[in-house]
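Chains G and X supply the protein sequences, listed in that same order.
Heads up: the first sequence begins at 98 in this note's numbering, then just goes up one per residue.
Heads up: the second sequence begins at 5 in this note's numbering, then just goes up one per residue.
Mixed in with the good hints, there may be bad ones.
What the hints assert, rightly or not - Partner residues aside, some chain G positions facing chain X, computed with beta carbon under 7 Å: (1) L149; (2) L151; (3) I171; (4) I181; (5) S185; (6) Y186; (7) H189; (8) L198; (9) K201; (10) I202; (11) L203.
As the list claims (entries may be wrong) - Below, computed lysine to aspartate or glutamate pairings styled on EDC-like, alpha-carbon distance capped at 20 Å: (12) G:K201 x X:E104; (13) X:K17 x G:D204; (14) X:K21 x G:E194; (15) G:K226 x X:E94; (16) X:K107 x G:E168; (17) X:K9 x G:E194; (18) G:K175 x X:E104.
Hints listed in this document are in silico derivations from the structure and should not be mistaken for laboratory results.
Please read all numbers here as calculations on a predicted model, not as lab measurements.
We treat Cβ as the ideally placed atom computed from N, Cα and C, and that holds for glycine.
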Amino acid sequence: MKTPVIKTENLTKTYGGINRVDGLNLKIPEGKIYGFLGANGAGKTTTMKMLLGLTPPSGGRIEIFGTPFEENRIEILKKTGSIIENPSYYGHLTGKENLKLLEKILDVSEEESEKVLKLVGLYEERDKKVKNYSLGMKQRLAIAMALLRDPKLLILDEPTNGLDPEGIREIRELLKSLARKRNITVMISSHQLSEIEKIADIIGILKDGKLIFEGTLKELERYKKLKTTLETDDGLLGLEVLSDYHPKLLDDKLVFENLKKEEIPPLIKKLVNAGIGIYELSHEQLNLEDLYFEIIGERDEPK
Amino acid sequence: MNLSKAFNLELYKLKHKYFFLSWLLLTVAPLAYLLYNLRTFSFSPHIHYASVELVYFYEQSEIVWLLALILPVMASLLISKLIDLENKNENWRLLITANEDFKTLWSVKFLTVFFLMELTTLLFYLTAVFRLHQILGAPIPVGKLLLSFIGLSGANVMTLTIAQGLAVFYRNQAVVLIEGLFASFIALISPLMPRWFCYLLPWGYYALNILATNESLGRGSDGIMNWKIIELYPNYVLIFGVALLFIAANVALMRALSKREI
Ligand SMILES: Nc1ncnc2c1ncn2[C@@H]1O[C@H](COP(=O)(O)OP(=O)(O)O)[C@@H](O)[C@H]1O
Ligand SMILES: [Mg+2]
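Same shape as in the complex, but just chain G (with noise of 0.2 Å):
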């Protein structure tokens, strides 16, 4: 089995006391794409901080290419390309001077630029101030800034928040290509699983600074549950009645949590028995989004 590219063993980061990242143990494999999920706060951006020297860990290890990151930050840092919350750029130079910034610091020729230009799609737009370009704009020329010194891997902080559905669509055919042709890995974050389910290989799921799932979809799609909702004229006595189930009280309405096809008669009739009306019965399965909002335990409202 080869080396994780990224591994942490008990990354923890402490904020006035408390544990924002809490004993992390990550494994990112090669050339795949990583999702790092996770509700806003979950302590997404704190990990990918430290992944990258922006701040320093208060407690475990961290180790990228197979090496201890403190004691080989900067031959790490030549062959990782990232983005951390939004884009870094210079408002008042155009594309291409941004990008000709970057080449003087990292040594790079001016070949190198006009190709992740061209591969960005701005190559066009090279010649606009960056202040004027728009957000998926300042997405895209982030992401070449970080292709830039040809990287073996990336770590892009929800690189698609606040893009339209377009432009997160090209960002993902972008990154995609990327990691087969280049056999790039990618770790990549957002607090939304449709952002990063069609391309994500593994996903981790980060809630509170925890990470409580690690797996492919199809290992997450195993927690898949079924959901019954009964809504009726007195859901506190329902509660009673029916408490061998163990139903939750949702919005006064009683949830089960995979309840076989067979219960439901039989259910019904105890309801009936005890005088309560029933208004309306639904069985179905969560799907993977409800899912992961169940997980994280929060609702986001849809895009």
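Assemble chain X with the ligands onto chain G, guided by the hints.
Below, chain X with the ligands alone, put in the same frame as chain G:
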């Protein structure tokens, strides 16, 4: 990352930023004022110089007033432009993850602004000294003037260190710009204040380098006030000592800020 490459990068980033133009405007306008004053220079019968050296020294005190007004504002304005380049859009992240070193960036930005402040100071000194030399024909008291110039450089180090720390620490550049105005105000009034005031506030150190002052001799028979110019002896041990402390503080500040989360 070597320094000359870092300077180059800094210059490249300053394209379209009116950085040098700001410096030029801040320097040329007061310099023109100085030249105009010197052009109409004439000896008043009511001002008494015990030696020709004192004419140079008294003019030096005029320059220091002007410089005290300009340099703190210049320090804040220029360092703010350089730091804000990186504060905006979190460009520190871009640079640090491209293996640029915060300490190098800090040093290059400091040195760029410090150099321009020194250039302004030097231009004032040269303009005044050569113009007076033209008028007086007397030898220039190089040693004492040079010492006071170095003393002013010490004040420049102090002013710029404070401005740079604020510009990096407070993202909102209004903080450092307001500090610059406040600092200029302090520097401007400090020649009128008691000595302890000048010693306590870093911007008071401009006034501590003044080489001459005037003393009233009372009204003459014509009813006009007469003045005597007397030499002042700056306490250079103290000035250089405090400047050295500020250099140490600058390095400490740089180290501390390099570890901050970005
Ligand atoms: N510099 C900081 N100081 C204090 N708390 C912070 C800091 N950075 C992040 N946090 C806190 O850490 C938690 C995780 O933040 P973050 O990593 O930005 O989450 P995410 O990127 O997943 O939205 C949040 O509760 C946030 O408020
Ligand atoms: Mg975040």
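Going through the hints against the structure:
Annotation: L149 of chain G was flagged as interfacial toward chain X, and the flag holds, the nearest CB pair being 5 Å apart, inside 7 Å. At about 5 Å, the closest approach between the beta carbon of L151 of chain G and any beta carbon in chain X falls short of 7 Å, and the interface hint on this residue holds. Here the hint on I171 of chain G is kept, as its CB sits about 6 Å from the closest CB of chain X, short of 7 Å. The beta carbon of I181 of chain G comes within 5 Å of a beta carbon in chain X, closer than 7 Å, and the hint placing it at the interface holds.
Hint on S185 of chain G holds. Least Cβ distance to chain X is approximately 4 Å, under the 7 Å limit. At a threshold of 7 Å, the smallest CB-CB gap from Y186 of chain G to chain X is about 6 Å, leaving the interface hint in force. Interface hint status for H189 of chain G: upheld, as the beta-carbon distance to the closest one in chain X is roughly 5 Å, under 7 Å. With its C-beta approaching chain X no nearer than about 6 Å, L198 of chain G sits inside the 7 Å limit, and its interface hint holds.
Given hint, K201 of chain G at the interface with chain X, holds; its Cβ is 6 Å from that chain's nearest Cβ, closer than 7 Å. With a least beta-carbon distance of about 5 Å to chain X, the hint placing I202 of chain G at the interface is held under the 7 Å criterion. Nearest Cβ of chain X to the Cβ of L203 of chain G: about 6 Å, under the 7 Å cut. The hint holds. Pair hint K201 of chain G plus E104 of chain X holds up; C-alpha atoms about 11 Å apart against a cutoff of 20 Å.
Note on K17 of chain X and D204 of chain G: the hinted pairing holds, with a Cα-Cα distance of about 17 Å set against a maximum of 20 Å. The suggested pairing of K21 of chain X with E194 of chain G holds, with an alpha-carbon distance near 14 Å, which does not exceed 20 Å. Straight-line distance between C-alpha atoms of K226 of chain G and E94 of chain X comes to about 18 Å, which keeps the hinted pair within the 20 Å bound. Between K107 of chain X and E168 of chain G the alpha-carbon distance is near 19 Å, which keeps this suggested pair within the 20 Å criterion.
For the suggested pair K9 of chain X and E194 of chain G, the alpha carbons sit about 16 Å apart, so the restraint of at most 20 Å is met. Between K175 of chain G and E104 of chain X the alpha-carbon distance is near 11 Å, which keeps this suggested pair within the 20 Å criterion.
When the structure is compared with the earlier hints, no violation turns up for any of them.
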